[in-house]
Amino acid sequence: MTTTTKTPAPNLIPHKVVYPEKVPDNLCPVASECNAMLPGDWRAERPVVDRDKCVKCATCWIYCPVQCIVEKPAWFDIDLDICKGCGICAHECPHRAITMIEEVGR
Amino acid sequence: MHELRIHGRGGQGAVLASKILAKALVEEGKFVTAIPAFGFERRGAPVAAFIRFDDQEIRRVNNIYAPNSVLSIDSSVIRAINVFEGLQPGGTWVHSTKETKEQLTLPEDLSTLGLCDAVSIAMEIFRRPITNTIMLGAFAKTTGAVSLESLKKGLETANFRDAGLQQNLLAMERGYHETQVFHIQPHLVEAI
Amino acid sequence: MTTIEKAITPDIDDSHYQSKTLVCDGNEAAAWGVALARPDVMAIYPITPQSSLVEYLSQFVAEGIIDAELMNVEGEHSVMSALQGAALAGARTYTATCGPGLAFMFEPYIRTPGLRLPMVASLVTRDTLTPQCVWGGHQDAMLVKEAGWIQMYCETVQEVLDTTTMAFRIGEHPDVMLPVNVNSDGNYLSYGATGIQLPAAPLVDAFMGEKNVNWHAALDPERPMAIDPLTGGAGGPGPSMFANYRKSQCDGMQNALRVIEETHKDWGDRIGRYYSPLVEEYRLDDADYALVTIGSMTGAAKDAVDLARDQGEAVGIIKIKTFRPFPVEAINRALSKVKAIGVVDRSVNFGWNCGPVYQETLAAAQRLQRFLPSASFIGGLAGSDITVEHFSQVIEDTAQLLKGHHYDEPIWINRND
Amino acid sequence: CPHGALEYNTSGSVYTRIGDKEDLFVPGLSACQGCNSELLIRHTLRNVGSNVVVATPPGCIPGMGTVGYNGKTGTKVPVFHPLLTNTASMLAGIKKQYNRVGRDVTMLALAGDGGVGDVGFQSLSGAAERNEQQLFMCVDNEGYMNTGMQSSGSTPAGSWTSTTPVGKEMQGKRTDAKNMARIMMMHNCEYVATASLSFMDDYYDKLDKALAASKRGFAYLHVYAPCPTGWRFPAAETIEVCRKQVESNFVTLWEFTPDQGLQFTRSVDKPAPLADYLKQIGKYRHLNQDQIDHLQRRVDNQVKSLKAFEQTSAVS
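From first to last, the protein sequence lines stand for chains G, D, U and V.
Note that the numbering used here gives residue 1 to position 1 of the first sequence, counting from 1, and the numbers run on in steps of one.
Note that the numbering used here gives residue 118 to position 118 of the second sequence, counting from 1, and the numbers run on in steps of one.
Note that the numbering used here gives residue 376 to position 376 of the third sequence, counting from 1, and the numbers run on in steps of one.
Note that the numbering used here gives residue 269 to position 269 of the fourth sequence, counting from 1, and the numbers run on in steps of one.
Derived by calculation from the structure, the hints in this document are not laboratory data.
Treat the hints loosely; a few may be bogus.
Computed footprint of chain U on chain D, listed as stretches where at least three residues anywhere in the stretch have a Cβ under 8 Å from a Cβ of chain U [said to hold, decoys possible]:
(1) 19-26
(2) 29-38
(3) 58-72
Sample of chain U residues facing chain V (criterion: CB under 10 Å; computed from the structure) [as the list claims (entries may be wrong)]:
(4) Ala68
(5) Pro108
(6) Arg223
(7) Asp228
(8) Thr231
Even glycine gets a Cβ: it sits at the ideal position worked out from N, Cα and C.
Produce the entire structure from the sequences given, and follow the hints as far as they go.
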């Protein structure tokens, strides 16, 4: 059984794992598909931006926990599908350009 | 099957000695198992190791309770414990000591005795009382169960630094040659 | 960063590639078994009687015999955690532990099978506290028998080496994808030295084939995924998803029975040493009754059976190597040959007042649909010895079953030593 | 001053710098309204980018769905739900393998204070001692907010929590919080810093430094994360509470490197009275004067002690 041939260790060569296209869905809990849930229906109050007062300072964007502030040509607006209505944007806006108003109806 | 028990003190290399002996016996084509008795192997505390060897496969993985021979690599360990416990009638004792046969208390049915002043040899070679390899030489001389050549080979594969190996080879050789063997009575039991 | 260059030209001692005779104990043998399997990442923490095993691993890394990342972490909990991470990044991983270390590792330990991460961890078995003890016994391994790891118990030092290497291939089989414990008896196998054969590395490389660790679950930016989202609950898709994951884990365990057999066969064909992969039958074909054993105690049992045979006793041995998954069919094939059994355990089952191997064996025998007189023997706890003389007594006691004797309680082997 | 010109300029510069980068979490995370942790992780991952493995031990961060639920993920990068106890060692293992195969991948932990300072501490301390290459972020909301506001080692004295309630015999937590950032500084990590999201420029600066440090070794960022739900204050006031923490010196902003030692990144001189901060938060509503004095004394002592570190490191 003696041999003097030196063979490099197979798994010491930098390897690139070839991942299969499809993995059995019952093997181990993994997820690669994004959760599509949107929390816009959590709101009791909604933020409303006063476009005249908004100077696009981005304070609302900086502090919005759900990052639902979207930039428009002359102002920052709110993506209401995502906004949870926490009111941080209104509280922090240095120009008082955002107010929270009660959600009514649908 | 031959069963040997080695006695020493923690730090003296009794377990290493058992491994060297095992390597030597495997070198000679024997089947061997060497098991250290386990306890608290602190420096100075009495320790023991068990070795079985045979021409046939050894299956049992047990301690040794009735050895054919006893090897004490430390002179004072006989004061701490009864090294003869379970020793078979007609058995062999190999002992590290400055004392003479007459000065020692021997079991009545002991058949073969090997005495080696290992400490004096060790002090000359190592300047420290390290007696394990010396007493392996003494064991080979007393029992003839293993050759000095095989023991040396066993020693060479043990983990010694270079200088340590040369010193230990010399120590083993001197242990072999400077051991007095006494055949006290005919063997009652034939050891393999 | 020289990792790549180093990897392409591994600086490995040529002698590592040759078959040779070694005189070593079970802990060193396990380390050689690991070396032959070429792990990527090893994380270690010492604990008696495993310590010398991780010392050997460290020495092998220091000498270049093993080219792996060695992580000296701060405890067994982190050992298993680091290995899970490494495996999820594609590494072949290894560690060893026992006793209190295994207990401390338990939290991440029970997660590895559910993540379906192949991995090998040697358990150098040790009795559990309390009473405080540092010696061998199977109680630690038996406590984790329901954790989902494959468990194989070794009888000899040679088997420790061979099984450790085989374990990687078993765990990595696509139909299995589970971690494996290779169990060796603390003290008797861990420190018991004997002459063994180290197989030649190229033969083992050919045996091992391609590494197969994380095709199903990867923490890789090139393949983003979430691993282990919350799963379950009582509504929506949760209950069925959870049940399917669990069932698949059980299926992997059952597949392992076949894979363990195939792997042992292939090892034998390539390396020249064959083992009974699940259950070994010793002098059983013409036996009236049998001892059931596990681990290193079996050698002394074989000697005792030979002695009893010389006295005219028709006794044999059923040795369990693979304990998880429990080899029900193989056990029952063996059990069907005898009229009574004496099962010797190196641990206890607190709930049933018997040994765990005894309980498992009887559970399997129930499928035979016949009454099998049996006795549970408990011995070898905390490093105590089960000698040939002990086994001779076990044989005598078991023989009583044939005469209609019944044991209400387990028989404690070392209680009067 | 929450509405000053400085604030105005700062927010604009961060937006210019980071606004185009992708938010790597899905829009729908189920964090509470006004959650500071959600804000933190979105900003963080935006800046870290996608070449990362994220580990989020049990707590609000996986609880809000970052690792997903029943087969759907909440994160667009590799994310793992480790144990509460093993985040640092688990990331260390991943990093070892990527180093082995020559790939540069960032390791990021987003852990709560329990997974950092309580049961998670051993693996954290071990990883820091070994200088594992990772960025370990503590999101400190002063307790187990995900599971019903139980007390942790990070909960300040006097705080109401569900396991340190207020009654005849007990008036909130009886012992002080431990200062994890200081403890990590004593590990001599490559980089240690404290941060508050009310000072976003400061945070981004530290995040950049921590990321760079995590390529060399262990980087630890301790971010204070007031929790409107668990601390009992209106969701809209989260950032204001963050700001008041800093202005009162209840939270100090500093950074540490082995070479530079400790340096404050915002002056700790002339702090606002702590009582103003405590007044705003429901979990402190029951505090008596003795308790308020105790907390004020502790804040003062912490600052004194940190200043001593600053001077020591300046000398060396």
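Problem - Violations among the numbered hints, reported as their numbers in ascending order - result: none
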